[in-house]
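Using the sequences and the hints, build the whole thing.
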Amino acid sequence: MSFELLETIAYLLTGGFLVFLAITITRDNFTNRVNRVTGGLLLFAGLAPISIAVGYLLTQGVSETTPFEQTTLYSFHLTWELFFPTLVVFALLFPFNRLKGLGNTRWIYLLLAPQLIHLFLELTFGELNILVTNLENRVTEGGLSGIFLTPLSYIATRLIVLLGIVKTYSVNIFGVINLTYVMISVYLLETGRKLQTNPRLQAQTNVVLWGLRLALGIFVISQLTLHFDYIKLPEKWLTALRLTALLIGGGAFAFGIIRRQFLDIRLVFRQSLIYTFTSILLVGTYIFLAMQSAKFLVPFFGARAETISYLFIVFILLLFPSISNWIDTIIRSMFMRTRTDYRNIIERFSREAISMFEPAKLRQTIDEALKTSLLVDNVYFVLYDDSVGEYAILQSDDYSKRTVISRDDMLLRGINLLDKPTSYSSLNDYQEDSQLAAILNERSIKLILPLKDANHLIGFLALTGKAAGYRYTPEDYNLLAVLSNQMVIALTNARLYADSLEKIRLQEEISMARQIQLDLLPDKPPDIPNTMICAESTPSRTVGGDFYDFIPVNRKERMGIVIADASGKGMPAALLIAQIQAILHSEVNNGNPISVVMKNMNQQIYRATSSEKYVTLFYGEYDHVSRDFHYSNAGHNYPMLVRECGEVEFLIEGGPIIGALPGIEYQSATVRLNDNDVLFLFTDGLSEAMDKDDVEYGEPRIRDFIVERRGMDPEVIMSELVRDVRQFDPTHPPQDDTTMVAIKIRNGKIDSHESRL
Amino acid sequence: MRLSDREQDGVVILQPKGKIMGGPDATLLHDKLYEYIDQGKKNVVVDLAGVDWMNSTGLGILISGFTTLRNNDGILKLANVTDKIQSLLTITKLVSVFEAHDSIEEAIASFND
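As they're listed, the protein sequences go chains S and B.
Note that the first sequence covers residues 1 to 757 in our numbering.
Note that the second sequence covers residues 758 to 870 in our numbering.
For the record, the hints were derived by calculation from the structure and aren't laboratory data.
Worth double-checking, as some hints may not be accurate.
[To be verified] Listed below are the simulated DSBU-like cross-link pairs for lysine-lysine, each with C-alpha atoms no more than 35 Å apart in a straight line:
#1 S/Lys446 with S/Lys466
#2 S/Lys100 with S/Lys236
#3 S/Lys371 with S/Lys361
#4 S/Lys692 with B/Lys799
#5 S/Lys503 with B/Lys841
#6 S/Lys466 with S/Lys194
#7 B/Lys774 with S/Lys692
#8 S/Lys401 with S/Lys466
#9 S/Lys692 with B/Lys776
#10 S/Lys446 with S/Lys420
Written out as structure tokens, the structure is:
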């Protein structure tokens, strides 16, 4: 393989790579000016080696006698000079837009003028020269037209001489112009870097600057060697140097711009490389065919064969977009199945956010994602707080103190109507008299990102402009819309997680409350001579509103018995019960008679609670010496006294329920308990147990059941009764708290021995 | 519980229907009572004909209505008390607290005595 061919391929590859980087970057975000300019920059840089290589290949086939440097095609390589004005434009836009606020900026196209003149001169000087010569001939011919054309010819001749001078020294003149452009660009980039505060943009500008300097340095060295004979480098070295310069320069620009956007840099480079090789293969095949066809065409078309070859190039260029699309599709399907830049961000964000349950950390992640991927300057979080039911601007790196937003805030209402990212300025109508708008205006917000779960606004993000003053593109809006959905999911997850932690905590508190309540119940019934006592309490929930207790009375032969049922269920009832129990103990301990105990208890509970909270309560004191049972019934289910003979007496005397009405007087009464009498106390959970047809178990059934079993031990009576009730109403757990106390008086003679214990 | 209300001869008639069981029922009755109290209408009859059943919380609501009216110099009377509720009032010994009548008319008439 000849050196020329190797050199050509190297030129082609370098040029191709740059051109495809240009295409990829431009295509990624065509609406962004920086992308377009960078694309132009890389395209022009790539054109030079490509036109040299293509020209070389073509001339190989067509006219081996004419040196390539003298063909028209060669002149086209000067298009690469457009690189320099584009560089200036790039430096004006990067790292921040200096053209912003200048209004019409079409004048920047004037920057292209010198290079276009150069190109024009190279392409047309020969023809112009002929034209002017013809003109002069016509003038010398004389006549009317001669007179007429004389001044024109005069100007044209002077012009052509001037152009001739320019053309002769074109290398130097345009070299100087190009160099000036480069220096302006370096200056702009350098000052831009210093003015830039965003560390990432600063780093990128550095990359671009150093890439530019390196590339120019290498290029200058390679050019200088042409002028100094004693350091003449072999042609191979020169080629290598030029290509290295191009690759470094182009690569630096590409890297800088790709990092500034949020493209995946490896992906773009890989894509460009693959395109380059594939396209070179295509172009090579085409050129080979063109060469062969040109050879074949020469006998028929003669000198015009070259022109026809150019037509082929135009043709292939027209075909190019569709071919490139086709390659793009194939490459993507082969190598990059699911990976595109946008998706990478989304993927990365969701991967990080999904496992994050701490709201503050999650917000940090969102903040970072927006700042690094979209280059947003500042992000403010306004979120709805479930626990207090209000919207608030949360404290963050960018905001010092949590601020609550009024529910009626106009702007908040306006944002509530949004369902996608929206520019802040379009919410103008809602900004009057809004506290929120005042805060946001101060921070020059540009974009509102609503976070909606179904139709509920769980909050929104307020974004300032992008770093360096770039505008949000339609792609940014799309990305933000997708990201906002993920944020909603992540934020909701975090909240649910916090909620479930809270539930677990509550659960623990309730089981502690249950333990406390169980501890408040007596461990076992007291030992009373000649008395068998049995008691049981089953809450329908973890904690209940029923209770029973045995209370020591100052007079030792007496024992207090209480059974009570607070209105309602669960925790509120349990708290009421605890209060009742404490008051009762202290009242009994004070030695008050039963009716006074009841009256005081009612008064205290009435004062402490609202009137819909009350307790039905039965309190009695049993004197095991006299066997008298003194009691007072405050609206409680009538306890049953089942006599040995089967007769039943209800213990009704007392007063209304406790805690509902103030200033109530309570009566008390006394019954004498005899051998083998059964006293049964219960709460309505037992009597109101219902079967599937809503029929109540009812007091008559309880009465009959106990009368039938009055000969048995209270423990047996109670367990059989419970079994019977549960058979009747199998609901589990029972619908209402159920509490029972059964007392049976044993035969005094048999128990005389035990009574001393 | 559903609650309808009307006025007859200067007396407010409240007619709950279904089961009085607490929860939203409490606020419903409470708000309605205050509505009338604010208008200075403090003679109220609660017609219990349509009430099938009342649990302990339901009874609490009724007591609360009673005390609310009484604290505002008003009276709450009951009419058409069903057997079931009658026995509940008996057991809780609230029969002596609530004035109960066999019909709305009788209850209304009792305000003029």
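Here is what the structure says about each hint:
| no. | hint | verdict |
| --- | --- | --- |
| 1 | S/Lys446 with S/Lys466 | holds (9 Å) |
| 2 | S/Lys100 with S/Lys236 | violated (45 Å) |
| 3 | S/Lys371 with S/Lys361 | holds (15 Å) |
| 4 | S/Lys692 with B/Lys799 | violated (42 Å) |
| 5 | S/Lys503 with B/Lys841 | violated (39 Å) |
| 6 | S/Lys466 with S/Lys194 | holds (18 Å) |
| 7 | B/Lys774 with S/Lys692 | holds (23 Å) |
| 8 | S/Lys401 with S/Lys466 | holds (23 Å) |
| 9 | S/Lys692 with B/Lys776 | holds (18 Å) |
| 10 | S/Lys446 with S/Lys420 | holds (14 Å) |
Comparing the model with each numbered hint stated earlier shows that hints 2, 4, 5 do not hold.
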